[in-house]
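These protein sequence lines are chains A and B, in that order. Taking the working numbering, the leading residue of the first sequence gets 30, the next gets one more, and so forth. Taking the working numbering, the leading residue of the second sequence gets 30, the next gets one more, and so forth.
Treat the hints loosely; a few may be bogus.
Pairs count within a copy or across copies, as identical chains cannot be separated in the list.
Below, a list of computed lysine-lysine pairs in the DSS-like style, where the Cα atoms sit at most 30 Å apart [claimed, not checked]:
hint : residue 1 : residue 2
1    : K182      : K77
2    : K75       : K429
3    : K429      : K440
4    : K447      : K375
The set of hints was computed from the structure by calculation and includes no laboratory data.
Number of protein chains: 2
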Amino acid sequence: MFFKNIKILDEFFKIQEDMSVLIKGGRIVYIGREVPENTEEVYEGKNKLLMPGFVNSHAHTPMTLLRGYSENQKLQDWLVNSVFPFESKMNEQDVFNGMMLGIAEMLRFGIVSTTDMYFKCEEMCRAALVTKTKFNISNGMTCFDGSRLADNKSYKDTENMLREYHNANDGAIIVDASIHGEYTSNPDIVREMVEYALKNGLNMHVHLSETELEHRESIERRGKTPARYFSDLGVFDVNTTAAHCVWVSDEDIDVLAEKNVTVSTNAMSNLKLASGVCRVPYMMKKGVNVSIGTDGVASNNSLNFLEEIKLFAVLHKGVNYNPEIITPEEAIRAATLNGFQAQGRKDSGLVKEGYKADLIVIDMDKPNYYPAHNILNNIVYSSAGSDVCLTMADGNILYKDGEYYTLDIEKVKFEAVKSVEKILNK
Amino acid sequence: MFFKNIKILDEFFKIQEDMSVLIKGGRIVYIGREVPENTEEVYEGKNKLLMPGFVNSHAHTPMTLLRGYSENQKLQDWLVNSVFPFESKMNEQDVFNGMMLGIAEMLRFGIVSTTDMYFKCEEMCRAALVTKTKFNISNGMTCFDGSRLADNKSYKDTENMLREYHNANDGAIIVDASIHGEYTSNPDIVREMVEYALKNGLNMHVHLSETELEHRESIERRGKTPARYFSDLGVFDVNTTAAHCVWVSDEDIDVLAEKNVTVSTNAMSNLKLASGVCRVPYMMKKGVNVSIGTDGVASNNSLNFLEEIKLFAVLHKGVNYNPEIITPEEAIRAATLNGFQAQGRKDSGLVKEGYKADLIVIDMDKPNYYPAHNILNNIVYSSAGSDVCLTMADGNILYKDGEYYTLDIEKVKFEAVKSVEKILNK
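Just chain A, with the same shape it has in the complex (with noise of 0.2 Å):
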């Protein structure tokens, strides 16, 4: 694959203009100003801009299934009276219809990799490997009682997707520890599941300090705050992405600092369901690592990403009365870079020789790019979600000009919406 005449967001976040790329073996072989001999396809990219793709830091993909069912209630009436008794119903071809449905969304709109946390995650992992993503993808391990790791559905859940799908697609595919929550745990348990991740060297993936009721009832119950209780019990010596942290205190945020947390935030998703607005500027210059993520659909509702960072760079100015906070490189850099530095893919997120060519192409001739005085500016505040045209993991193309490569859409819609219509007659 050539990508001819096209702008590049190169790896020092620059615009260079008309440039070469070549992809070989799933990885960018060339950058620059050289037109290769024999190259077999060939992308024209005048007037098109080359950049990382996505990372979707925190997601519940198969949720799809549950957008726009019932909501605009309070939190715990629409989990409790909505959702769990949903989830309940969802069966293994449910949750792999609503992967499918989620993949499509996303590489609309341009996320290749993504975090997931959800349940029967062998049927998440191989929706992803027929569709050719990348998916850091764990089971939220949650246990209401004193029992045992080796008794969790979500440990045995766990070893399965390690023997049967670990570092599948060549790596597209990364099976996570995780502990849904503070509040769904007890310390015998998450010792286990942070011996049990470092062990086989995984990431670890879990809620933090989400809403306010959270992060109080952690201190009243255990007189530290989740992430406190997090820390002590060993979970950050794992590599691992914290999603939401609206609530965390200052002491936290040192903590998260310290030990090289991710914080996944999911700002659409707290302002709809009125949780709150995580303290992004604060923890950025702590030097906290800081992605983004959309939470599931059911919460959000769309997997739109570009909304969701132009959300990211415009909120945190807007309640702090700063405009000069998060500049569109950080936005971009959180929404590419730091999320794939968290899912531990180390040559992915940048235009660069030898990264990895996960990559989308943002059609740069609509009329909300003009004019073109700064093209960041431009792609952070400009963009409709569904200007990207083109989305690559590995080098495969999945998605392009609407169609899509690695999938059958018609079938995909069809499917979510029988298991839909399964579910709500059941």
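Assemble chain B onto chain A, guided by the hints.
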């Protein structure tokens, strides 16, 4: 034009499936299940939704030319060092070119009618006229000395517009009166402008308490808030749209409600410029007519209206810690009917027989609209801006599937870039 097998958002904001809608003479003449004979133009509406077009109730459309220009800085620095010097070099042709670019973007994103305040307004009218779009256009009157209205440039521009363009294109173009803001006016000229508006039966368009500084300085300067200042001078005896209203007091909100002033909230611009968050739910509770605006593209930086609607629907939940406020129906009303009402377009904003055909079609076949538990939720929370696939004003198709019917998009982009190059090289 005959829409066949189409979903509609009906006048009660409910979804009806498989409807027939007939447009004649710029109006909706039939909604039902029948299929009329001898219909010339048929639009197959399978899995598409016909709904009212969006009203952008506060814009400075020609500012598209400044998109992404010198930003991420303090409001005052940005205005004084970047915006004002740029604007001072904009001649008539530049205003026209910026306007055309903005119209192209609006049509892509489903905006059919805009309340706009800028300068060199005859050029704006000319662009509205040739593109058959709907605009309420005003010249934002400023006065920094004690001079009279008759000597004011804005007044002269308004007089010319009134003579040449008021009610042109069968009422598509409406000329409004305008007072730019409290801080750029004096009481005498405000009184004169009010008289002028009342005499000519015009609407009024003002900026109101956008920033804390503006609000506080008015109290220091005049002993009253901007809203009280305008109210005491009779401004609100004219049908008024007040933009921003971020810092208005409880008493101000009572005045806005009592005087039937329409608030145009500009959430994205207010966040990006770090002005704060308008208290929309409180205003709605008090009975204020709230509509949605983008503000100028220089501070938004797009005219992506579905993005603005989603932000409207989630932001206030988040900052008020209440997931039940602002329902999808309220968000759509604010984006459509409430804006048309403010513009004085009493027979636009509903899919209803006899109403003007100011309509859009949304392509619900996109993966982000699956499943369809609740179509209103999906439209508000799950749309990408460009899922609008048809935009129509007065029954004229202006945009369909990426094609423009009343403008040459390549020429529009070319001319806008030419204007920018000229301005920056001056």
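Against which earlier hints does the structure fall short, listed by number upward? Violated hints (numbers, rising): 1 and 4; every other hint is consistent with the structure.
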